[in-house]
Each structure stands twice: as structure tokens, then as C-alpha cells.
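Keeping their order, the protein sequence lines are chains Y and E.
Here this note's numbering is used: the first residue of the first sequence is 1, the next is one more, and so on.
Here this note's numbering is used: the first residue of the second sequence is 1, the next is one more, and so on.
Hint data in this document are derived by calculation from the structure and do not stem from the laboratory.
Treat the hints with care, since some could be wrong.
Sample of chain Y residues at the chain E side, in silico, Cβ under 10 Å [what the hints assert, rightly or not]:
#1 L36
#2 R38
#3 G121
#4 A126
#5 L127
#6 A132
#7 G133
#8 R139
#9 R174
#10 W183
#11 A186
#12 A197
#13 E204
Computed spacing ranges between beta-carbons, pair by pair [claimed, not checked]:
#14 L158(E) <-> R174(Y): 27 to 33 Å
#15 A155(Y) <-> P55(E): 54 to 60 Å
#16 D46(E) <-> G95(Y): 57 to 63 Å
Backbone N, C-alpha and C define an ideal beta-carbon position, used for all residues, glycine too.
2 protein chains.
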Amino acid sequence: MPRDAAVAPRRSHAERGTAREGTRERLVRAGIVAALERGWAASGVDTVLRSAGVPKGSFYHYFDSKDAFGEAVIDGYQAYFLHRLERCFGAGAQGRPIAVQLDDFLAVSAEGMARHGWRRGCLVGALGQELAGLHEGFRERLLASLTQWEQVLEAALLAARARGELPPATDCRRAARSFWAAWEGAVLRARLARDGAPLREVIEDFRRLVAID
Amino acid sequence: MPRDAAVAPRRSHAERGTAREGTRERLVRAGIVAALERGWAASGVDTVLRSAGVPKGSFYHYFDSKDAFGEAVIDGYQAYFLHRLERCFGAGAQGRPIAVQLDDFLAVSAEGMARHGWRRGCLVGALGQELAGLHEGFRERLLASLTQWEQVLEAALLAARARGELPPATDCRRAARSFWAAWEGAVLRARLARDGAPLREVIEDFRRLVAID
Numbered sequence: 001m002p003r004d005a006a007v008a009p010r011r012s013h014a015e016r017g018t019a020r021e022g023t024r025e026r027l028v029r030a031g032i033v034a035a036l037e038r039g040w041a042a043s044g045v046d047t048v049l050r051s052a053g054v055p056k057g058s059f060y061h062y063f064d065s066k067d068a069f070g071e072a073v074i075d076g077y078q079a080y081f082l083h084r085l086e087r088c089f090g091a092g093a094q095g096r097p098i099a100v101q102l103d104d105f106l107a108v109s110a111e112g113m114a115r116h117g118w119r120r121g122c123l124v125g126a127l128g129q130e131l132a133g134l135h136e137g138f139r140e141r142l143l144a145s146l147t148q149w150e151q152v153l154e155a156a157l158l159a160a161r162a163r164g165e166l167p168p169a170t171d172c173r174r175a176a177r178s179f180w181a182a183w184e185g186a187v188l189r190a191r192l193a194r195d196g197a198p199l200r201e202v203i204e205d206f207r208r209l210v211a212i213d
Numbered sequence: 001m002p003r004d005a006a007v008a009p010r011r012s013h014a015e016r017g018t019a020r021e022g023t024r025e026r027l028v029r030a031g032i033v034a035a036l037e038r039g040w041a042a043s044g045v046d047t048v049l050r051s052a053g054v055p056k057g058s059f060y061h062y063f064d065s066k067d068a069f070g071e072a073v074i075d076g077y078q079a080y081f082l083h084r085l086e087r088c089f090g091a092g093a094q095g096r097p098i099a100v101q102l103d104d105f106l107a108v109s110a111e112g113m114a115r116h117g118w119r120r121g122c123l124v125g126a127l128g129q130e131l132a133g134l135h136e137g138f139r140e141r142l143l144a145s146l147t148q149w150e151q152v153l154e155a156a157l158l159a160a161r162a163r164g165e166l167p168p169a170t171d172c173r174r175a176a177r178s179f180w181a182a183w184e185g186a187v188l189r190a191r192l193a194r195d196g197a198p199l200r201e202v203i204e205d206f207r208r209l210v211a212i213d
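Using the sequences and the hints given, assemble the complete structure.
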């Protein structure tokens with residue numbers, strides 16, 4: 001018998017770790033898509049498993065319950081969205097005026113929604129509406145996500161204020177809260193209308209509200 | 001056997017009509033509450049029937065399907081909400097400045113949300129997030145609801161502009177769209193934070209955006 005034949009390839013501990021992470025990540029990604037398109041109650045574990053191409057037995061290997069999976073889905077979306085915010089508004093973006101940063105965020109967001117036929121909005125908006133009154137753990141996690149987005153934008157606004165792009169008296173924390181409230185509503189409006197105009201309008205409104213330029 | 005004993009009271013056709021309407025209205029009201037608190041997928045017909053105190057057989061007497069019931073729920077919420085908007089922003093409210101009309105709307109909305117422990121938001125926001133990508137009939141109906149709210153507010157803003165409370169160049173249709181986008185986001189934020197501050201802030205922002213006063 002030749003060497004290595006009929007022998008399962010041996011993998012290092014690190015490689016096995018990566019393989020496990022791969023399945024878990026596929027499940028989380030499928031959960032995010034399902035929650036974005038159908039909400040949480042209508043996102044059955046079976047459907048998520050099917051779309052992730054993962055056998056049923058695996059689910060409870062990774063998650064104790066659908067609730068635990070939900071928490072991983074919220075965390076996964078948050079990691080993805082913070083990455084986008086970091087690109088648009090993070091330290092590396094501060095060579096660009098805040099008006100350009102906002103336009104970048106608008107462009108990438110509108111492009112993403114249009115690509116999926118406006119069927120996918122924002123996970124925090126979607127699950128927040130569905131679960132805020134039902135599930136205390138989800139509510140706290142979603143609020144924490146939104147608060148982090150506010151902090152990222154607040155930092156970008158403070159930097160813009162320091163560069164003289166905003167009036168010196170601008171309350172940047174308050175402005176960041178206003179932005180995300182208006183943005184979430186605009187995402188809803190864009191999904192209902194299947195049109196990007198509400199997203200463009202909310203950016204215009206914000207520039208006017210905060211007297212950018 | 002005395003007259004009228006052991007005889008079911010005879011009701012006129014009109015009375016029977018009213019009784020039927022009563023049951024249907026109870027079902028719709030229970031459906032609105034369920035959808036506000038739990039979203040649509042998690043609102044089972046059985047739960048709605050129980051909370052309305054209506055026997056199971058009755059449901060399909062009034063509605064062909066859960067979808068038909070959903071349409072009645074959206075229409076019922078719209079009638080209720082338009083009544084509120086009419087009180088706050090309608091022709092009868094035009095003796096009051098638009099700033100006062102907005103404060104009235106804020107007060108009644110925040111009071112309603114607080115009374116239910118911030119567990120109930122806005123049906124258009126909740127079902128819009130959950131169903132916009134799934135159910136074309138619901139999406140169109142929800143968008144039509146929102147468009148009607150925009151029209152009511154636009155008319156109030158036009159009246160305020162005519163009274164000199166807004167700059168003459170104000171685009172009242174655009175401003176009304178901005179208001180509802182920001183309001184829907186603020187309702188989400190208020191539900192997540194279980195606090196009325198986001199609602200107050202969005203009214204302040206709008207007054208500033210539209211340069212009211």
C-alpha cells in the first residue's frame with residue numbers, strides 16, 4: 001500500500017481550527033442574509049443550514065440554541081458593518097473632507113442595496129423592529145451596535161470640526177445620533193420604494209443640518 | 001311557557017352586521033398589537049384569536065388567508081394613524097403654529113410608546129423592515145401608507161409656509177419626506193433604548209432643518 005493512500009490527510013490543530021471556523025462563518029453569513037431578507041422569526045434554522053450547505057447535525061455543534069445563533073449573527077453583522085464604517089469614516093479616511101466621506105458611505109450602501117434588489121436593508125433596523133420588545137439580550141446587543149456606529153461617526157465629525165469643515169459649536173455626538181436615526185428611516189423608505197433617493201436625501205439633509213461646507 | 005323565554009333575542013339585519021363588524025374589528029385590533037410587538041411572522045393566527053377572544057372557526061369567516069388578514073391589519077393601522085395625523089396636522093389644527101403641531105404629535109406619540117413600555121413602535125416601520133423584500137402586496141400597501149402621511153404633513157407645512165412660519169422657498173414635499181424618514185429611524189432608536197429622547201431630538205432636528213421659527 002503506497003504511503004499516504006487511503007489515509008485521511010492529517011491537518012494541524014490550526015488547520016482544523018480554520019475548518020471549524022469556516023463552517024461557523026458560513027452559518028453566520030447565511031443567518032445574516034436570512035435575517036436581512038426575511039426577519040428573524042421567519043428565518044428557520046433548516047433554511048439557514050440549507051443555504052449554507054451545512055448538515056443539520058452541525059448546527060448545535062456550533063450554537064447552543066437559535067438565540068445563541070442570533071447573537072452570533074448580530075455580532076457578525078456588526079463586524080462587517082464596522083469594517084465598512086472604518087473604511088468610510090475611520091482614521092485612514094481623514095485625509096478626505098467629511099462631505100466626501102459621507103458620499104463614499106452613501107455610494108457603497110446604495111450600491112449594496114440596489115445589487116440585492118432593495119430586498120436587504122440594515123440588520124439593526126430589521127431585528128430592532130422585530131425583536132426590541134421581545135428579546136432583551138438582542139435589544140441590548142442591537143443598541144450597543146448602533147451606539148458604536150455613533151461613536152465612529154462622532155470621531156469623524158470631531159476630526160472634521162477640527163479641520164474647520166463644521167461650525168466650531170457643532171455638537172458632534174448629537175449630530176451622529178441624528179444621522180443614524182435618519183439613516184435607518186431612509187433605509188426603510190428605500191426598501192419600501194425600491195429606490196435609492198431616500199438615501200441620497202438623508203445625506204443632503206444631514207449636510208444641511210450640520211452646516212457642512 | 002312565558003313569551004320570549006328560551007328564545008334567542010332576534011336581532012335586526014343591521015344589528016347582526018354590527019356584531020360581525022365588531023368581531024372583525026377585534027381581530028384586526030389584536031393583529032395590529034401582535035404585529036407591533038412581535039412582527040408578522042411571529043404573530044400566529046391562534047395567538048391573535050386568543051387575545052381577541054374569538055373562536056378559531058371565525059377567522060376564515062372574515063379573512064381568506066393570513067395574507068388577507070395582514071392587509072386588513074395594515075389598513076386598520078393606517079386608519080388609526082391617519083386619525084392621529086388629522087388631529088395633529090389636519091385642517092382643524094391650522095389655527096396652531098406648525099411648531100406646536102409637531103410638539104402635539106411628539107407628545108401623543110411618545111406618550112403612547114412609553115405607556116406600552118416602548119415595546120410597540122410603528123407598524124409601517126416594523127412590517128416594512130420584515131416584509132418589504134418578501135411580500136409585494138404588503139410592500140405596496142405600506143409604501144402607500146407612508147406616502148399618505150407625507151401628504152398630510154406636506155399640506156400642514158404648506159399652510160405654515162403660507163402663514164410665514166417657514167422660509168418662502170421651503171420645498172414642503174421634500175421636507176415631509178425627510179420628516180418621516182427621520183421619524184421612523186427615531187422610533188427604532190427609541191424602542192432599542194426604551195427612551196423618548198430620540199423622538200424629541202428628531203423634532204428638534206426637523207425644526208432646525210426646515211428653519212421653523
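Next item on the list: Determine which of the earlier numbered hints do not hold for this structure and return their numbers in increasing order.
Entry: none
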